[in-house]
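Letter by letter, the chains look like this.
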Amino acid sequence: MNIKINNNAYWANPGETILQVTQREGIKIPTLCYMSDLTPTGACRICVVEIETGQLVPACAFPVYNGMEVQTNSKKVRRSRKSIIELLIANHPQDCLVCVRNGNCDLQDLAAEYGVRSYRYVGEKRSGKLDLASPAVERDPEKCILCGRCVRMCHEVQNVGAIDFVNRGFYSQVSPAMDRSLNTTACVYCGQCVVACPVGALREKSYLKVAWEAINDPEIHVIAQVAPAVRVAIGEEFGLPPGTITIGKIPAALRRIGVNEIFDTNFAADLTIMEEANELIERIQSGGKLPLFTSCSPGWIKYVEHFYPELLEYVSTCKSPQGMQGAMIKSYYAKKTGLDPKKIFVLSIMPCTAKKFEAGRPELSVSHTDPDVDVVLSTREFARMLKIAGIDFNRMPEEGFDDPLGESTGAGVIFGASGGVLEAALRTAHYMITGKDMDQIDFTSVRGLQGVKESSIKIGNATLKVAAVSGLHNIDRFLEEVRNGNSEYHFIEVMACPGGCINGGGQPLPSSPEKIKKRMEAIYEIDRSLPKRCSHYNDSVKALYDNFLGKPGSKKSHELLHTHYMKRESI
Amino acid sequence: MQTFQEILSQKSISDKFVEIINDRFDAGKAGISPDMIRALKSRLSLEAVERPVVMIGMGTCGLANGAQAVYDKFEEELKSRGIDAELTRVGCVGYCAEEVIVDVKVPGFPRISYKRVTPENVGTIIERTINSKEPVIQKALGKYPDADPALWSEIPLIHDIPFFKSQKKIVLENCGVIDPESIDQYLARGGYSALSNVLRNKTPYDVIKDTIASGLRGRGGGGFPTGKKWEFAYKAQGDQKYLICNADEGDPGAFMDRAVLEGDPHRVVEGMIIAAYAIGASVGYIYCRAEYPLAISRLEKTIADATAYGLLGKNILKSGFNFTLKIKKGAGAFVCGEETALIHSIEGKRGMPRPRPPFPAVSGLFGKPTIINNVETLANVPVIFNKGVEQYAAIGTGSSKGTKIFALSGKVVNTGLVEVPMGTTIRQIIFDIGGGVPDGRHFKAVQIGGPSGGALPEQFLDTEIDYENLKKAGAMMGSGGMVVMDEKTCMVDLAKYFMQFITSESCGKCIPCREGTKRLLEILERITKSYREEETEVDSLMRFQGMLYLERLASVIKDTSLCGLGQTAANPVISTLRYFRDEYEAHLYERTCPSRACRQMLTYTIIPEKCTGCTLCAMRCPVEAISGNRKEAHFINQDICTHCGQCELNCRFDAILAE
Amino acid sequence: MSSESVYKKYPKNEASNLIALLQDIQEVHGYLPEDDIIRVAKHAGVPTSRVFGVATFYNQFRLTPLGKHVIRVCRGTACHVKGSLDILQTLEAELGIKAGETTRDLQFTIETVACIGACSIAPVIVIDGKYYGGLTSKSVYKLINEYMKKD
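Chains as they are written, first to last, in our numbering: chain Y, 1 to 571; chain F, 1001 to 1659; chain S, 2001 to 2151.
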């Protein structure tokens, strides 16, 4: 189809929207409520363009037709967009200077771009109470612009439905049922709503202060652990292109702000693989519950606890890598070095908001009194911390993690992308069963950004049917199959966030499909570049088993590296 | 009395219905004589009765005026006098101002309508009309032409009285005339014959072509050609299609749909079956406001009866066509009049509209092709197929065919429901039919089309009503609310009233409607406020600044809103600014309300010479702003007074001065 | 009708029955108790937040118990131009509550309605389903005081 945009001719495909064409052709149209991959709601009207009839139509939702003539920058369009921004500002707290999204806010950007220079409309503002009760996600309804992205994320992508629109008209709000706090709902704390939010209405609960206090306390031995997905994303916070690998700068920066030792969550990821691969083989061999679901995504775990508690037995009992690392630091490492576990402060840097909740689970404590992980910072908080400390991140030298819990393999790093845990586990399971590595280490059929990736693999005489699922709405089909007793799968990796941890709720903002893609590419690039790419070749892991745990699945392993789950009510 | 169904129970019902409906009953075949059927038909259509029949208008307005008490009184009196008479409920004849309306039909005499009947009149009516066979002249509204015109010649024919004379009742022909709960009465007056005709003689596409040719346009507001709309759904691919009747009449000041549903529900159902046949829908919904309980209960009975008679359900009238009908109760949201919002509501969601395209005719309810027609539109459909396309299309103007029902209310003598041919002037409706403005006041404006329409001043009185003319004038057909205003109505206050309505009914989805209408309302509130309530200089600055932005904001809301509600949300402001700018200026610059309707701008004082010290005003004042001793002149404390006007409303001595 | 029979009336996991379910529950209790909102969600197979979103969207639904007498004041256009605001304000002043509120003794609730559709007898109010039309500030004062005396 031939259409004209701003008097220039373009080719468009039937069924495309105006916005799809302009995005492809590099013509910028602002959006607020638009989310790629989801049906447009046409709610915010900021993307209106003028068509040949003089009508304004939303570019995000309006399909092109042959002979269409679009103006993206007419007087009417400019005036309408500016008015919409002014209307939003009139109902906004206007506390940009003290807002978590200051300098990184869609509304602020639009106000700047459209030259809003006065508060044209003044009047009543929507009021709503702050919701600070959850350990991971906070809500500030007064900042909300009601674009609905969080709601759609929570319902359509994550299938949780913890929040929805309530009330009507000017008094509409986004809120949990009965105006409750998030912590009393089935919210899984995945933080995808935070990623979706164009303003500061949703944000992670910040623990920066607690982290600083520990660092500044000379009595406390602060040990950091850094998740795999952080190293391919944090650069964005410092102006580096998405997907920049900053694997060496992170430990360097942490040392410079006074963290005593820096370990790698990838080490624990390798350890997880040893335990999980072992668990998978045991279940297959002993006729245990199958499929085995992975357990490293805390959002996913909470999801099963709320919505499918009767299937908890299918979930791996392995703690997540964060949990294992915490447990090893406070048991093995403390014992080895003679440090008092009570004086060790484990600081986790995670791409995740749900990890903040996970760290507080009482069953994840080797001492049964103090948590194994003391504080969890998101990638964003970590970046803020470095900025406060005056760290010029981009000029940090390349340094390594500390031993012994800093060594890792390619199998550990790919935990950061959806499909990675599955791939890493298969690499090791193959070795455990057959005694040799797979011919082709790269198991590419479970890589990529699709929500469901299925495959099968022949190990020895057995053919395993496997799947990697990300974005929680994709998992229901698999769970229903298990519930109905007709699941053919052996092993299913689940990541709450679409694409896995690289797109976690704690990652740099704003996010975009292009950025996620770059981060994913970087993850596999690290894997490729490492000399060891299978968890069973991690020497420190081997040493840990030899000196402390015995073998995978041993009594000690179960005591320290495995956990249990509980049924939770869903509201 | 036997029903049709009882008479025909020994034979296949559907076959016989077709025959009855089409008057081609063949004697001998069914074992019942055609004379029996014919007698039943004329008996049911109340043209010939063998004992007196009393018909009481018991629509919502009748009931609101006390029809139930009148009914009870009739029941009691007829019983105590031992009179063998039939007592039935009918719908609303439309003359709301004269409710309670009671019709009496005595064998051999014309049917006579009595107005403003109270329980006290019941005895007289029975005594004089039923017993003595003479009319109660001072209560008579008119008589029907169903008997010798020489009888009761002092009573005018009902169609000749001013309220009815200029009307043309084709959609409302049964309203107030038949018992709406009797399918037999509807059948006897030709009901379901259009359906029978369509099912036997026309393909679905014929029906669509005929409907296009008839010129019928949507009566719900937009005026889109009904047949064209059906054609979209007819052509859309889908294993399942739906037909929805939009009975969520939400315009404040409109009640024509309620009257039709309460007064002649079978007509709507018949229209729906024909529409469903045309588009190929097997399931239909009537989405009716929960605020219309009477309409809902009558619809439930209507559907049950039609199903029992084989007019709904499987294989309707042996045509092979299946159609089932369900009622969904709306839960109170004006925006659900918008098609996509209504669909969301039926799906059990918040009634928030979505962008179109895709249009519901392609992807509607549960993602299937769906047609939504308004009550009045569907009620027109049987007329087209009874009268024939040409005859229907002969009514009305070039672009707008048929009749339109208006709900005439406000400052007009004859409030009520009015059906006129398209092309009738506004003046004819308000002055000829409506009897003009009461209490010797002057006509100022008429709001046509509800909040989304506009207020038209005197110079438009001779406008011939059709879709295009109203739009040109700055109003719209809307669903047909017509609220008359006199010089005591302030147009700024009216705009404010409508903006209050719109803000509270905005769904909140799109920014211009959610945020913009609120700001419009605030600007109007500032303009209509008194001096003393401005707290800061910013307030007074905002008054003037707001006025400057009023038009700009209104046009942005109009241009950018998501749905029809939003796009017309600013119309009350746009239309009043267009014709009554001087009133805005008076509020803004002179700080007065010329109509004295904006109480906030008035100062209330007590004229000591007139005050008797009765203390009533002090008692009624909600904020205790009035003080004074008994039997002494009272005094209003201006710092406390909230300008509610209760003192003025309650003073019996005209001692309150408001200026 | 009891809550139980309402739940029995509608098949499970049919989200399109959500509004009808809530209407029937409200019919039983006069309002929507929290426990029922949660149960309706489970019954209809949708998140509780959605049920709450629906319950707060439509005018009909109430989250708090109603008074013994429910006064519905029509705020339609015809009623407005004939002084329904005066009627409302008189009621509010007499009962000491605002529209949408219930008196502390749970005797009266005032609600406003967009339009009752009885424009011919404007201004009109409905008390417990009974229509009162053609009101003035004085007559509504008398009317409400009769109701107050009755109890």
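For the record, the hints were derived by calculation from the structure and aren't laboratory data.
Predicted model, so just to flag it, every value in this text is computed and none were measured.
Treat the hints loosely; a few may be bogus.
[Claimed, not checked] Keeping only pairs whose Cα atoms sit at most 25 Å apart, straight-line, the calculated DMTMM-like set for lysine to aspartate or glutamate is: (1) Y:LYS517 <-> Y:GLU156; (2) F:LYS1165 <-> F:GLU1347; (3) S:LYS2138 <-> F:GLU1006; (4) S:LYS2012 <-> F:GLU1632; (5) Y:LYS567 <-> S:GLU2034; (6) F:LYS1471 <-> Y:GLU52; (7) S:LYS2068 <-> S:GLU2014; (8) Y:LYS567 <-> Y:ASP109; (9) S:LYS2042 <-> Y:GLU52.
Hint check, failures only: 2, 3, 4, 7, 8 and 9
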